[in-house]
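Engineer: Note that the protein sequences, when read in sequence, are chains A and B. Read in UniProt numbering, the first sequence has 323 at position 323, and its numbers run on one by one without any break. Read in UniProt numbering, the second sequence has 422 at position 422, and its numbers run on one by one without any break.
FYI, nobody ran anything at the bench for these hints, they're computed from the structure. Watch out, some of these pointers could steer you wrong.
Estimated spans, in silico, between C-beta atoms of each pair [to be verified]: (1) Thr40/A <-> Asp251/B: 25 to 33 Å; (2) Glu18/B <-> Asn268/A: 24 to 32 Å; (3) Glu16/A <-> Pro234/B: 22 to 30 Å; (4) Thr287/A <-> Pro214/B: 37 to 45 Å; (5) Tyr124/B <-> Pro11/A: 42 to 50 Å.
Here are the computed lysine-lysine pairs in the PhoX-like style, where the Cα-Cα straight-line distance is at most 25 Å [said to hold, decoys possible]: (6) Lys522/A <-> Lys469/A; (7) Lys454/B <-> Lys469/B; (8) Lys236/A <-> Lys375/A; (9) Lys426/B <-> Lys522/B; (10) Lys170/A <-> Lys271/B; (11) Lys522/A <-> Lys503/A; (12) Lys182/B <-> Lys236/A; (13) Lys358/A <-> Lys503/A; (14) Lys170/B <-> Lys271/A; (15) Lys281/B <-> Lys170/A; (16) Lys104/A <-> Lys375/A; (17) Lys182/A <-> Lys236/B; (18) Lys271/B <-> Lys182/A; (19) Lys182/B <-> Lys271/A; (20) Lys68/B <-> Lys170/B; (21) Lys236/B <-> Lys182/B; (22) Lys114/B <-> Lys503/B; (23) Lys281/B <-> Lys114/B; (24) Lys45/A <-> Lys45/B; (25) Lys375/B <-> Lys504/B; (26) Lys426/A <-> Lys271/A; (27) Lys236/B <-> Lys291/B; (28) Lys358/B <-> Lys271/B; (29) Lys504/A <-> Lys79/A.
Just so you know, even glycine gets a beta-carbon here, dropped at the ideal spot from N, CA and C.
There are 2 protein chains.
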Amino acid sequence: MADNIYISYPPPLTPEQEEYLVQTVKNWTIEHALTVRPSTAIVPKDINPNNVLATNAPVTLFPSPFPKACFEQARSLQKVYNELYATIASDEEWLEDILQELIKVDDFLANLWKIHLSVKEEGYVQDLSLGMFRSDYMLHTPGDSPPSLKQVEFNTISSSFGGLAVKVAKLHTHLATYPSVKRPLAYPSHPLFAHSDQTNSPSPSITTIGHPPPNDAVITLTASLAAAHEAYGPSKSRPQLPTCVIFLVQDDERNVFDQYALSSELWNQHKVPSFRLATSKILALTTIPSKDENPNRPLIYTPPSSPATQYEISVVYFRALYAPAEYDAPTSWAARHHIERSAAVKCPSILLHLSGSKKIQQVLTSLPPDTDHLKNFLPHYPESTLNSLRTTFAPQYSLSSPDPNIEPEGVRLALSPDSAANHVLKPQREGGGNNIYRDKIPSYLQSIPTSQWKQYVLMELIHPPTNAKNTVLRSDGQVVGGNVISELGIFGGCLYRSGNGSKKPEILHNSEGGYLLRTKGKDSDEGGVAAGFSSLDSIILYEDA
Amino acid sequence: MADNIYISYPPPLTPEQEEYLVQTVKNWTIEHALTVRPSTAIVPKDINPNNVLATNAPVTLFPSPFPKACFEQARSLQKVYNELYATIASDEEWLEDILQELIKVDDFLANLWKIHLSVKEEGYVQDLSLGMFRSDYMLHTPGDSPPSLKQVEFNTISSSFGGLAVKVAKLHTHLATYPSVKRPLAYPSHPLFAHSDQTNSPSPSITTIGHPPPNDAVITLTASLAAAHEAYGPSKSRPQLPTCVIFLVQDDERNVFDQYALSSELWNQHKVPSFRLATSKILALTTIPSKDENPNRPLIYTPPSSPATQYEISVVYFRALYAPAEYDAPTSWAARHHIERSAAVKCPSILLHLSGSKKIQQVLTSLPPDTDHLKNFLPHYPESTLNSLRTTFAPQYSLSSPDPNIEPEGVRLALSPDSAANHVLKPQREGGGNNIYRDKIPSYLQSIPTSQWKQYVLMELIHPPTNAKNTVLRSDGQVVGGNVISELGIFGGCLYRSGNGSKKPEILHNSEGGYLLRTKGKDSDEGGVAAGFSSLDSIILYEDA
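Make a model of the complete structure from these sequences and hints.
Structural biologist: Below you can see the structure in the form of structure tokens.
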């Protein structure tokens, strides 16, 4: 059924319909700041020397159908996942145990770990951490099975696109309902839209509300930032300073309006001021008083435009410094260390950042008779909840084994052409190298020293619906359509306190709300939203009767 | 005093302050759709073939000081002006009398008049008209006199920038109050901002609220559109059709987001659907049934994207067809005629469009012992109100006289170099030619046949404050500052019914609300918001104690 839904979707457009739809989307996106700064591939630097131009974010013209049961399952698991990762990040011993092998070969993880150890030795002055998470899933539809969710990644740092995703859902809702649900001008009739004539439907058994469900990502994410700001409490400086949130951003960020959606809501709804700080300016514009001056280590921000007006930073929200390539300045690591040792609540702390490593995800998928990590981390949840969560794991296999005499299961599956055909080989190193797919896996492994195999994890391929189609308005205005693959992200926020003599965190705020659908052309196995045919989407839920 | 206020305004910026302020404005404008489509001078067509890019509208970095008493006078007169022009447009005989000479030499006015006569002969089927007005003023500060208002123009068609002006006021308010009124990050301290330390003020006698007053232009304009839609009543078609408002727009409009601010509010607040119709498509996409089919002449719109879903047009809101150059297609005049004869409420009707001619403005300025037109049109207003209105007239003089033996006052003033130095010579022809200033007037008049003199009107020059300064962020991102001249526009809406055997209209809806300040570089005598250094601004009101 998951595939049948796509047979006539999206509905075909006449040239006049496409012109109206595309023109409406072009104007709606600018009117509602569903925008990005254009890349230099779209507008050469000399045409736009002052960087004033904006263009639409790449968006699909239609929402993508998504099974309601899977969406509800993903939502129902989010707060469990939030707590799971807060718990992992609070168990330093476990994390070290899992990551120690990888740290030996991965400079990025090693540097993060070193910062943690250094601050630990000095003594942390902040036991609160904030997670603003996004759990990403694909639909898995092998053979005739009903669709199920498989987790692709759990993001613990810089979970982006919440701001724009809310607007995509509004855009698609506008297109499906203006000027009336019964006869929208932009979309032709189709069973997935509420206005369709059910008696003529090719799939009369499908029920739908005809437009995307509301998307609360901005509300959810902003409320968790506000909660962390509030929990930070009054200024630790003498005399006291006003407090503020810092959005830590890349110097050449193009996705600024996604971030502004959060900072504006933070101000409008919560009256929490926030400022943008580029990573290159961390050490120039923030200071921590010496131990003698103030042992509480408040992180002081001096706005360059108003140096006499200092602020104390309550929360550092990382929208940068998530990938190895960003640590390209001589002071990059010093800047990260500087923030980690401060009193500011970090979103995320180093340990929470590390908890998002692919290696952690792989270890969690191990099932009894191996250690049941899930049960250990979340003992107070009923088995049914943990089982629901387990169904979202795509099987992953290590290529190393604690016992050198036993060939790991992963090695066996990777070297056999038959089983390799259903897997992908992923480097565990963060930001390092490309994935190896299917029949290329055995020969690839044989071309590298076996000592390097432990740097990879073998993951069973997810089988997304094969007939899914959509059409995209790219940021350069080109309209392209075809077969697509989508990834659903669910947003969550979690403020927790670690330490207190327990490995378990004290959860102060745990929330779920909002979603992101990213849809990309099917031809490429890889792809991010930045690639040519990869775009922001929303969902139209359906139920098979 | 009006000049003193500018001595230290706007406050000087350090490079860091300017960088922060400009960057904030660049991002705020895109986030809030204070935007335009860039001209091809900024982005060549081949870089932007699909017309997806947007850029900030040209905006001042600071609001401009404006005397509170003048602003309040302008507001207090708006509803009187609304009624005045509704009354003029309802007095066909008077209009014809005033315009008849001009119609002989001005094809544009002649064609408009011809359409009116033709529809009158056929019989009008709609006695409602809608005015969405903007009365434009400059501050007049001759010598040591206190500042006063002088009307530059009363716009009866396509009064634009209400949508963007609201956003400029919000932008400047944000800059002056974020994160707190006491210490905004974007603006340095200055007596005109509320946070300034009054004891150190160079002008301690000035009182101000520190940021622009709220701007209700979108609310006002949209409410008048909604009132006209409502007054149109139910569909006149059989079977009935859903009704809608049409925004009649230019094919290559760049100021689209100003218009979207109105159409979105019309939908969000009033649930009135509206569609954009380019002038080139009027005859292709709208029809009027034949007399036999339906003598009520409903104007039927067929959306090209959904031809099966027809709408009946309640209101045609002209954001185009105001200037002669726009009537460049063989069918342009036929299209205007087509709309005029329909049952739709026109904003504006032909007679209301004609009432906005410069000639009408000039005639209104005539004072006793000539005919007191004001008193005749507005007999029920107290003399004090009419006098207040009269003070906003800049003296204007005709260069023709009903009595060929008497040299008109205008001719005398224009030919004498001494008096010419205080005047501007304006063509009465709409959209025709440039203004002639000061000492160039006598020689210009002597270079053309005296028979053509009647095509001009001589207007006393307005003396705006000479020290006014501001800084502008242009649409190409360049920041330019210097001496400026500003024009204040006050918005109003008026729905009225003409005919009923009386020359006086029945006023059904009369409202005032919202303002626009347009600020341009002082070097050019001419200029519109499209010119290089001419931009959208807002006001910061002050009172001399």
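Engineer: If a hint holds in the structure, say so; if it doesn't, say that too.
Structural biologist: Hint by hint, here is what the structure shows:
1. Thr40/A <-> Asp251/B: 25 to 33 Å: holds, 31 Å
2. Glu18/B <-> Asn268/A: 24 to 32 Å: Given about 26 Å between the Cβ atoms, the range holds.
3. Glu16/A <-> Pro234/B: 22 to 30 Å: holds, 29 Å
4. Thr287/A <-> Pro214/B: 37 to 45 Å: With Cβ atoms ~40 Å apart, the hint holds.
5. Tyr124/B <-> Pro11/A: 42 to 50 Å: holds, 43 Å
6. Lys522/A <-> Lys469/A: holds, 9 Å
7. Lys454/B <-> Lys469/B: violated, 37 Å
8. Lys236/A <-> Lys375/A: violated, 39 Å
9. Lys426/B <-> Lys522/B: This hinted pair holds, its Cα atoms lying about 19 Å apart.
10. Lys170/A <-> Lys271/B: With Cα atoms ~17 Å apart, Lys170/A and Lys271/B stay inside 25 Å; holds.
11. Lys522/A <-> Lys503/A: It is violated: about 43 Å lies between the C-alpha atoms, which goes past 25 Å.
12. Lys182/B <-> Lys236/A: holds, 22 Å
13. Lys358/A <-> Lys503/A: holds, 22 Å
14. Lys170/B <-> Lys271/A: Distance ~17 Å between Lys170/B and Lys271/A Cα, so the pair holds.
15. Lys281/B <-> Lys170/A: violated, 29 Å
16. Lys104/A <-> Lys375/A: Violated, because 29 Å separates the two Cα atoms, which is more than 25 Å.
17. Lys182/A <-> Lys236/B: The hint holds at about 22 Å.
18. Lys271/B <-> Lys182/A: holds, 15 Å
19. Lys182/B <-> Lys271/A: Roughly 15 Å separates the two Cα atoms, so the pair holds.
20. Lys68/B <-> Lys170/B: Holds. Lys68/B to Lys170/B sits at ~19 Å (cutoff 25 Å).
21. Lys236/B <-> Lys182/B: Violated, because 58 Å separates the two Cα atoms, which is more than 25 Å.
22. Lys114/B <-> Lys503/B: holds, 20 Å
23. Lys281/B <-> Lys114/B: holds, 22 Å
24. Lys45/A <-> Lys45/B: Status holds; Cα separation ~16 Å.
25. Lys375/B <-> Lys504/B: holds, 13 Å
26. Lys426/A <-> Lys271/A: violated, 43 Å
27. Lys236/B <-> Lys291/B: Judged against 25 Å, a Cα distance of about 13 Å means the pair holds.
28. Lys358/B <-> Lys271/B: violated, 37 Å
29. Lys504/A <-> Lys79/A: holds, 16 Å
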